[in-house]
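Participant: Here is how the chains run, residue by residue.
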Amino acid sequence: MSAADSHTRTVDAFSAYLEGELPPEEKASLEHHLATCIQCRTSLERFRRTLGGLGRLKRTAAPYSFLADIQQQINRRSRGRFFRRRWLLFGRIPFEWLSLAMIVAMLVYYIVVLQSSPTGVKPIPP
Amino acid sequence: MSLSERLLVARLVRRDEEAFNEVVRQYGDRVFNLVLRMVGSRAEAEDIAQEVFVTVFKSIDSFRSEAKLSTWLLRIASNHAKNRIKYLARRREQGHEPSGSDSGDLADEGKAPAQSHIHGPDVLLEAAETEDIMQQAIATLEEDQRLLVVLRDVEELSYEEIVEITGLPEGTVKSRLHRARMTLKQLLEDKFK
Numbered sequence: 000m001s002a003a004d005s006h007t008r009t010v011d012a013f014s015a016y017l018e019g020e021l022p023p024e025e026k027a028s029l030e031h032h033l034a035t036c037i038q039c040r041t042s043l044e045r046f047r048r049t050l051g052g053l054g055r056l057k058r059t060a061a062p063y064s065f066l067a068d069i070q071q072q073i074n075r076r077s078r079g080r081f082f083r084r085r086w087l088l089f090g091r092i093p094f095e096w097l098s099l100a101m102i103v104a105m106l107v108y109y110i111v112v113l114q115s116s117p118t119g120v121k122p123i124p125p
Numbered sequence: 000m001s002l003s004e005r006l007l008v009a010r011l012v013r014r015d016e017e018a019f020n021e022v023v024r025q026y027g028d029r030v031f032n033l034v035l036r037m038v039g040s041r042a043e044a045e046d047i048a049q050e051v052f053v054t055v056f057k058s059i060d061s062f063r064s065e066a067k068l069s070t071w072l073l074r075i076a077s078n079h080a081k082n083r084i085k086y087l088a089r090r091r092e093q094g095h096e097p098s099g100s101d102s103g104d105l106a107d108e109g110k111a112p113a114q115s116h117i118h119g120p121d122v123l124l125e126a127a128e129t130e131d132i133m134q135q136a137i138a139t140l141e142e143d144q145r146l147l148v149v150l151r152d153v154e155e156l157s158y159e160e161i162v163e164i165t166g167l168p169e170g171t172v173k174s175r176l177h178r179a180r181m182t183l184k185q186l187l188e189d190k191f192k
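Protein sequence lines, in the order shown, are assigned to chains A and B.
Take the first sequence: its letter number 92 is residue 91 in numbering that gives the first Met the number 0, and every next letter is one higher.
Take the second sequence: its letter number 111 is residue 110 in numbering that gives the first Met the number 0, and every next letter is one higher.
If you're looking for bench data, these hints aren't it; they were derived computationally from the structure.
It is possible that part of the hints are untrue.
Straight-line distance between alpha carbons at most 25 Å, and here's what the computed BS3-like set of lysine-lysine pairs gives [stated by the list, open to error]:
no.	chain 1	residue 1	chain 2	residue 2
1	B	K190	A	K57
2	B	K81	A	K57
3	B	K67	B	K57
This is chain A alone, in the form it adopts within the complex:
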């Protein structure tokens, strides 16, 4: 085999070599070539660094409003059939409005009960 063929075969096997998929005899032959060929060794090192760089690309999370935006899209395209807004405010359940309504209801209940209570303070008739 010529030197050029040997280089080509080595370079073609880089991916399989780094992923541990080369059969033992091919792996031994490649490592033998690498031991004697600085050109292929350098090329393998750069190949490895390229893969390393890809693996280190950071994971980017979807935007905060992603779910709400999709719900809005589906709602619009289904002409309001899905993801109706009646339970949602800005794409979520409006807990603050529900809490406020609850407080008002309790206040009204308290006032009504206090007014009708027999132990409540009654004005002295003239």
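Given the coordinates of chain A, work out where chain B should sit on it, guided by the hints.
Facilitator: Quick look at chain B alone, frame taken from chain A:
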């Protein structure tokens, strides 16, 4: 497919909105990241990723239960991303958009290191491992090669999953992926020559 996934799909088929929310919460980041790495622009990625989930909601009936829900989703995402890349390339050819890499705003987030501060090619290659340079290099690959690199080397999926997503035989995936990696390596070397 696991039992919980089957139940989730059954709810999706009934257009259960809470089941759909669950799917978006579970796979939203993964789909967004895949599409972002494919198109290189945050604005485009947001638009495509939303479109992916709208498609999921519409076409869940066509989901075959022998596949995994995640790979089905990623297949839809990769098809949408590839179509958008072609569309954007066409628009650029017709002069509707400024020419240049479609790595867009991702590449603008960080600046390439000044070459005057760097000496040997190995040090330059180390510098090339920074995010923006890598993203620009990915953006120069053809969309099929880009997809394979993103699925395998960025998302770290198994060959089995990639075969399911792309519909290509495993041997083809491996040989095309190797060519894509070699192209990337060459691009990075040329960039710093």
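Participant: Checking each numbered hint in turn, tell me which of them this model violates, lowest number first.
Facilitator: The structure breaks none of the hints.
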